[in-house]
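Keeping the supplied structure of chain A fixed, place chain B upon it in accordance with the hints.
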Amino acid sequence: MSENPERPPAASGSSGSSGAAPAKRTPTERTPVGPKIAGAKRAAPKKTGAKQVSRREFPFLIVGWSVFTAAMAMGLTAVGRFLFPNVLTEPPSTFKAGFPDDFSIGVVDTRFKERYQVWIVRDEEKIYALSTICTHLGCTPNWLEAESKFKCPCHGSGFYATGINFEGPAPRPLERVGVSLADDGQLLIDKSRLFKFEASQWEDPASFLALT
Amino acid sequence: MLNRILGPLRGAWKEATDSQIWSSIFRHGKPVSNRNRALVMMSNVFLHLHPVKSRKAGIKLRYTWCMGGITFFLFLALTFTGLLLMFYYRPTVEYAYADIVDLQEHVPLGIMRELHRWGAHAMVITVWLHMLRVFMTGSYKPPREFNWGIGVVLLVLTLLLSFTGYLLPWDQLAIWAITVGSNMARATPLLGTEGPLSASLTLGDINLINSGNDARFALLGARSVGQPTLLRFYVLHCVGLPLIAAFLMAVHFWRVRKDGGISGPL
Chain A
2 MSENPERPPA
12 ASGSSGSSGA
22 APAKRTPTER
32 TPVGPKIAGA
42 KRAAPKKTGA
52 KQVSRREFPF
62 LIVGWSVFTA
72 AMAMGLTAVG
82 RFLFPNVLTE
92 PPSTFKAGFP
102 DDFSIGVVDT
112 RFKERYQVWI
122 VRDEEKIYAL
132 STICTHLGCT
142 PNWLEAESKF
152 KCPCHGSGFY
162 ATGINFEGPA
172 PRPLERVGVS
182 LADDGQLLID
192 KSRLFKFEAS
202 QWEDPASFLA
212 LT
Chain B
391 MLNRILGPLR
401 GAWKEATDSQ
411 IWSSIFRHGK
421 PVSNRNRALV
431 MMSNVFLHLH
441 PVKSRKAGIK
451 LRYTWCMGGI
461 TFFLFLALTF
471 TGLLLMFYYR
481 PTVEYAYADI
491 VDLQEHVPLG
501 IMRELHRWGA
511 HAMVITVWLH
521 MLRVFMTGSY
531 KPPREFNWGI
541 GVVLLVLTLL
551 LSFTGYLLPW
561 DQLAIWAITV
571 GSNMARATPL
581 LGTEGPLSAS
591 LTLGDINLIN
601 SGNDARFALL
611 GARSVGQPTL
621 LRFYVLHCVG
631 LPLIAAFLMA
641 VHFWRVRKDG
651 GISGPL
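Residue numbers (our numbering), protein chains in the order written: chain A, 2 to 213; chain B, 391 to 656.
Be aware that one or more of the hints could be misleading.
What follows is a set of in silico ranges between Cβ atoms, one per label pair, in the way DEER data are often shown [what the hints assert, rightly or not]:
1. B:Gly616 <-> A:Met75: 37 to 47 Å
2. B:Ala589 <-> A:Arg82: 50 to 60 Å
3. A:Val68 <-> B:Phe477: 22 to 32 Å
4. B:Ala608 <-> A:Asp103: 52 to 62 Å
5. A:Arg82 <-> B:Ile415: 48 to 58 Å
6. B:Gly500 <-> A:Val68: 20 to 30 Å
7. B:Arg417 <-> A:Ser94: 50 to 60 Å
8. B:Ser444 <-> A:Phe61: 21 to 31 Å
Partial chain A-side listing against chain B, Cβ under 7 Å, derived [said to hold, decoys possible]:
9. Phe59
10. Ala79
11. Pro86
12. Asn87
Some chain B residues close to chain A (C-beta under 10 Å, calculated; not the full set) [claimed, not checked]:
13. Leu392
14. Ile395
15. Leu396
16. Val497
17. Pro498
18. Leu499
19. Ile501
For the record, the hints were derived by calculation from the structure and aren't laboratory data.
Backbone N, C-alpha and C define an ideal beta-carbon position, used for all residues, glycine too.
Isolated chain A, as found in the complex:
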């Protein structure tokens, strides 16, 4: 308060045209700012010993590192996305397998094993499709016609034509996949739907095509 009487003449001398402005910017606000900065500048290096960032550099540091971080994040995202193509050359999970009459009773059809990884089996009352993935560790068993069983070459698991396991390490039966009739009367196999025996899902009508 003691400074006030000295200041007004100086303020009015520098900007005489605007009389209201000097009154708002009181000298008491302005004067302490200088010493504060100077004090901080002198004291900080003693404390940390680290290089001090000046007020002028600070915004550039923030902007610079933000841009760098954003660029790296975008780059990494692009690289991560690059690993997942928009187009796959795999066969579709749903496919038509011919007419029910193409399949004979008691025969395991292995024509679709190579491309679609399913066996199609017809018994007296229905047609069902088995996934060719062994329930032990995921190898592909072979259908042995002479022995009427699926035999896995990896660890010797054996399955009946129904898919039920009866020998070797496989802990559960082969899984069945969805079977239905398409509009044109062909079998429609849907590999995206799996039916497990141990969950009583083989009774689900979507898991087989009933032949009456």
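Just chain B now, with coordinates in the frame of chain A:
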């Protein structure tokens, strides 16, 4: 405000640098003394290839143009993008061109191949500019003659990388460019079927150098550009030449240090 943001950051940084993990990796104190600054350079497998000390004038941008550094950066970028391209590209006559098209259309953004292509063009340019700078500043003079020689080999390797990569898209441009380019190998002295002195390599009536065993055949793996050529150029482009280049780059950077640092009067 400044200290409110930087304060906690400094605390976390100090905590990290005081930890056992940090001190097991960096076996020297903070680079606040000249001794520690030298240790930073010497105890790091990557940095130790650099000079421990450089003159400020020697690393000025308007003196070096940073062309060697940019070339090296481009080499790293090309290695990285090239590695990603290898996930999709198959070097066979049947698939090569389709895979290149797929890389633009079936893969998100579709610029990975462009990055690789433009980066390669840029590297050829920067490597020439680097050579120009070294020449203009007289940095090839003793004791740096050996490193100039290494640099010339690296220049040739860069051009060969560019040449072998040019075939891989397997379009008309690529096939005919390599056909024309490899025709030069016919004129190799002694080892090219049309080159000087090769006609003198005979065993009785038999010409020892013919189109089935000359330098051009070794390059193409066939008498004309075909599947064996594509595979040879692919292996050279992705494995052989980059390995040699990386090895020589290590020697190049090491010699920069041993020959008195980034150029400038000794």
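Can the suggested window of 37 to 47 Å be confirmed for the beta-carbon pair glycine 616 of chain B and methionine 75 of chain A?
Because 41 Å falls inside the window, the suggested range holds.
Just to be careful: measuring from the Cβ of valine 497 of chain B to every Cβ in chain A, is the smallest value less than 10 Å?
holds (5 Å)
Does the CB of isoleucine 501 of chain B sit less than 10 Å away from some CB of chain A?
holds (8 Å)
Hinted contact alanine 79 of chain A with chain B - closest CB pair below 7 Å
holds (6 Å)
How about leucine 499 of chain B: closest beta carbon in chain A under 10 Å, or not?
holds (6 Å)
Do the beta carbons of serine 444 of chain B and phenylalanine 61 of chain A sit within 21 to 31 Å of each other?
25 Å Cβ-Cβ, so the 21 to 31 Å window holds.
Go through the hint on phenylalanine 59 of chain A and say holds or violated, using the shortest Cβ distance to chain B against 7 Å.
Constraint on phenylalanine 59 of chain A satisfied, holds at 6 Å.
Hint check: is the beta carbon of isoleucine 395 of chain B less than 10 Å from a beta carbon of chain A?
holds (8 Å)
Lying within 20 to 30 Å: is that true of the beta-carbon distance glycine 500 of chain B to valine 68 of chain A?
Given a distance of about 24 Å, which is inside 20 to 30 Å, the answer is holds.
When the least beta-carbon distance from leucine 392 of chain B to chain A is tested against 10 Å, hint result:
At about 6 Å, which falls below the 10 Å cut-off, the nearest Cβ of chain A leaves the hint on leucine 392 of chain B intact, so it holds.
Hint says 52 to 62 Å; check whether the CB-CB distance for alanine 608 of chain B and aspartate 103 of chain A agrees.
Holds: the Cβ-Cβ distance is about 56 Å, inside 52 to 62 Å.
If you check the beta carbons of arginine 82 of chain A and isoleucine 415 of chain B, does the distance land in 48 to 58 Å?
Since the Cβ atoms of arginine 82 of chain A and isoleucine 415 of chain B sit about 32 Å apart, the hinted range of 48 to 58 Å is violated.
Violated hints amount to a single one, hint 5; each of the other numbered hints is respected by the structure.
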